[in-house]
Amino acid sequence: MCPNREWFSTYSSVEGGVVRMGNNSSSKVIGIGTVKIRIQDGTIRTLSDVRYVPDLRKNLISSSILDLKGCKINIKSSDIKVSRGSLVLLKGKRIGSLYNLEGSTVTGEIQRPSSITELKSTRLRRQLGHRRKKSMTVSLKRCSLLDAGFEKLGHCVRDN
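Residue numbers (my numbering): 481 to 640.
In case anyone wonders, no lab produced these hints; they're calculated from the structure.
One should not assume that every hint holds.
Below 27 Å or equal to it, Euclidean Cα-Cα: the simulated DSS-like pairs (lysine-lysine) are [claimed, not checked]:
1. Lys561 with Lys516
2. Lys556 with Lys516
3. Lys538 with Lys573
4. Lys556 with Lys508
5. Lys549 with Lys516
6. Lys508 with Lys549
7. Lys571 with Lys516
8. Lys573 with Lys556
9. Lys552 with Lys516
10. Lys538 with Lys516
11. Lys549 with Lys573
12. Lys538 with Lys508
13. Lys571 with Lys552
14. Lys556 with Lys571
15. Lys571 with Lys549
16. Lys549 with Lys561
17. Lys561 with Lys538
18. Lys538 with Lys552
19. Lys538 with Lys556
20. Lys561 with Lys571
21. Lys552 with Lys573
22. Lys561 with Lys573
23. Lys538 with Lys549
24. Lys538 with Lys571
Between the sequences and the hints, there should be enough to build the whole structure, so can you do that?
See the structure below:
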């Protein structure tokens, strides 16, 4: 749940939704959508089915919804990790009685396509190291290099 309409990447108005608070009060749900969060390593995670509740003072992520979506929640000495399989999705620290997410909300344009291509190229270069052209050709034939072309990786490919 989120009280900030400008944080939504996608948004649809809804009518009739109500959220019951911990103090037995209730607040209206005005809309529903997605919110993007940049976590501590720079990765962008998308939270879906986020309720827009203007009366809230803080953003809230439901641990029961995370559990229903197959996530594992691990809490250890004031740290919280949300993971699915071996992938850590979110991290946070306890401050007072609440866990605060380590990350920031992404608003507006996410990234230019050239930045995304550059990030993928950098990630691929780290995975491959400087490989010889022959071994890369074999990997390409096996479709194990995604669909990266040599023209994009010319600075990484050596002959012989």
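Evaluation of the provided hints:
no.: 1; hint: Lys561 with Lys516; in the structure: holds (18 Å)
no.: 2; hint: Lys556 with Lys516; in the structure: holds (26 Å)
no.: 3; hint: Lys538 with Lys573; in the structure: holds (15 Å)
no.: 4; hint: Lys556 with Lys508; in the structure: violated (34 Å)
no.: 5; hint: Lys549 with Lys516; in the structure: holds (17 Å)
no.: 6; hint: Lys508 with Lys549; in the structure: holds (24 Å)
no.: 7; hint: Lys571 with Lys516; in the structure: holds (15 Å)
no.: 8; hint: Lys573 with Lys556; in the structure: holds (10 Å)
no.: 9; hint: Lys552 with Lys516; in the structure: holds (20 Å)
no.: 10; hint: Lys538 with Lys516; in the structure: holds (16 Å)
no.: 11; hint: Lys549 with Lys573; in the structure: holds (22 Å)
no.: 12; hint: Lys538 with Lys508; in the structure: holds (15 Å)
no.: 13; hint: Lys571 with Lys552; in the structure: holds (12 Å)
no.: 14; hint: Lys556 with Lys571; in the structure: holds (11 Å)
no.: 15; hint: Lys571 with Lys549; in the structure: holds (17 Å)
no.: 16; hint: Lys549 with Lys561; in the structure: holds (15 Å)
no.: 17; hint: Lys561 with Lys538; in the structure: holds (20 Å)
no.: 18; hint: Lys538 with Lys552; in the structure: holds (23 Å)
no.: 19; hint: Lys538 with Lys556; in the structure: holds (23 Å)
no.: 20; hint: Lys561 with Lys571; in the structure: holds (5 Å)
no.: 21; hint: Lys552 with Lys573; in the structure: holds (16 Å)
no.: 22; hint: Lys561 with Lys573; in the structure: holds (9 Å)
no.: 23; hint: Lys538 with Lys549; in the structure: holds (22 Å)
no.: 24; hint: Lys538 with Lys571; in the structure: holds (17 Å)
Against the hints set out earlier in the document, a violation occurs for number 4 only.
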